[in-house]
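**Q** Let the sequences and hints guide you as you build the complete structure.
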Amino acid sequence: MRLAGTHEHHSINNRHFSGILFLLIQFFSSFIYAETTAPDMGYEEPVPQGNFERMTIPLKRVQNLLLIEVRVDTLVGNFILDTGAPNLVLNKTYFSKWTASDGGTSYGITGSGTRVYSKNIDSLIIQDLYYTSLHADLVNLGHIEDARGVKILGLLGANLFFDLQMEVDVQNNLLHLVKLNSAGEPLYQTDTLLPDLNIPIEIENDILFLNGIAGTKKLRFCLDTGAEVNVLSNMVSNKVLEHFSLTRRTTLSGSGQGRTDVLNGIIDVVVIGEHDFEQMPFVLTNLSNLQTVYNTTIHGILGYDFLAYGRVIINFKKQRLSMYFYREEEE
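Using my numbering, read the sequence shown as starting at 587 and increasing by one per residue.
For the record, the hints were derived by calculation from the structure and aren't laboratory data. You may find that some hints are simply not true.
Claimed, not checked - In silico EDC-like links for lysine to aspartate or glutamate, alpha-carbon gap of 20 Å or less:
(1) Lys-646 - Asp-732
(2) Lys-765 - Asp-755
(3) Lys-903 - Asp-792
(4) Lys-804 - Glu-828
(5) Lys-825 - Glu-788
(6) Lys-903 - Glu-639
(7) Lys-803 - Asp-854
(8) Lys-646 - Asp-755
(9) Lys-646 - Asp-891
(10) Lys-737 - Glu-655
(11) Lys-903 - Glu-790
(12) Lys-904 - Asp-732
(13) Lys-904 - Glu-788
(14) Lys-825 - Asp-777
(15) Lys-825 - Asp-854
(16) Lys-765 - Asp-749
(17) Lys-765 - Asp-792
(18) Lys-765 - Glu-631
**A** What follows is the structure in structure tokens.
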């Protein structure tokens with residue numbers, strides 16, 4: 587029997603669909619949150635600067651959140667590596683003199699809406715990598731801090747890395763960033779073997795998407811390094827749900843008063859590229875808010891549970907993703 591979700595409709599500013607999209611699933615605290623906004627546009631894409639070809643950045647893990655130490659103007663602290671957010675996001679708790687942004691409302695998976703603000707910053711520095719004159723959205727990230735017991739200054743969104751190649755290695759808690767030439771070729775090459783997975787990705791409204799198959803149905807996933815688990819829409823076809831095995835049910839609370847039920851389970855096989863990802867865990871819930879705001883099809887989100895299969899390399903200019911699977915001897 588199909589597990590049908592409830593359709594939710596909100597009044598939003600649809601003048602621009604790009605904006606904050608992030609999904610942070612606080613699994614042990616029974617919390618799920620996804621935020622979308624339509625911010626003011628007209629700002630140039632961030633330009634990475636610095637004298638390096640390849641740099642290695644340690645990742646601090648708080649359960650399945652990936653944190654990086656960043657300096658923004660005069661503040662230094664933890665930022666979540668979050669390709670599910672299109673742009674830089676700051677925690678308004680720590681950044682003063684904010685002003686209301688155009689479009690001004692965000693929506694979570696549970697349906698609650700909050701006001702969004704914006705701020706211009708002078709600099710953002712990550713070791714030898716730096717950016718100047720950036721625009722950032724400001725939101726309250728206190729719910730993440732409370733759930734994880736760690737201070738979070740913000741989110742590092744996808745467009746900060748569009749001129750770079752990103753390699754996420756969760757097994758070794760490392761992030762490698764490589765500069766690209768105008769053709770999208772990395773200026774520094776370390777891997778000599780062919781990757782186990784090499785697939786195209788799509789970048790729409792500064793959000794990363796890749797395709798997969800479950801059963802006989804094609805699925806479109808958002809690739810989100812800020813998501814602690816994988817998520818599947820409860821509106822997918824019965825032919826997909828036939829391959830979903832329920833493990834338990836959870837009631838989750840969002841950033842406001844909203845609550846929603848999710849089902850925890852596994853899909854027996856998800857095919858991505860030419861590889862079978864067997865017994866892949868997913869949380870089944872309603873993703874209609876994300877689909878409504880972005881006016882695009884989203885069947886699910888691939889987060890930490892996907893990254894845990896191997897080193898993931900994203901070439902943003904070529905719009906390619908490759909993966910080198912972790913071997914037992916590496917564990």
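**Q** If a hint holds in the structure, say so; if it doesn't, say that too.
**A** Hints, one by one, checked against the model:
no.: 1; hint: Lys-646 - Asp-732; result: 17 Å, holds
no.: 2; hint: Lys-765 - Asp-755; result: 18 Å, holds
no.: 3; hint: Lys-903 - Asp-792; result: 12 Å, holds
no.: 4; hint: Lys-804 - Glu-828; result: 14 Å, holds
no.: 5; hint: Lys-825 - Glu-788; result: 25 Å, violated
no.: 6; hint: Lys-903 - Glu-639; result: 16 Å, holds
no.: 7; hint: Lys-803 - Asp-854; result: 14 Å, holds
no.: 8; hint: Lys-646 - Asp-755; result: 12 Å, holds
no.: 9; hint: Lys-646 - Asp-891; result: 17 Å, holds
no.: 10; hint: Lys-737 - Glu-655; result: 11 Å, holds
no.: 11; hint: Lys-903 - Glu-790; result: 13 Å, holds
no.: 12; hint: Lys-904 - Asp-732; result: 38 Å, violated
no.: 13; hint: Lys-904 - Glu-788; result: 10 Å, holds
no.: 14; hint: Lys-825 - Asp-777; result: 38 Å, violated
no.: 15; hint: Lys-825 - Asp-854; result: 12 Å, holds
no.: 16; hint: Lys-765 - Asp-749; result: 7 Å, holds
no.: 17; hint: Lys-765 - Asp-792; result: 19 Å, holds
no.: 18; hint: Lys-765 - Glu-631; result: 16 Å, holds
Of the numbered hints given earlier, the model fails hints 5, 12 and 14; all others are met.
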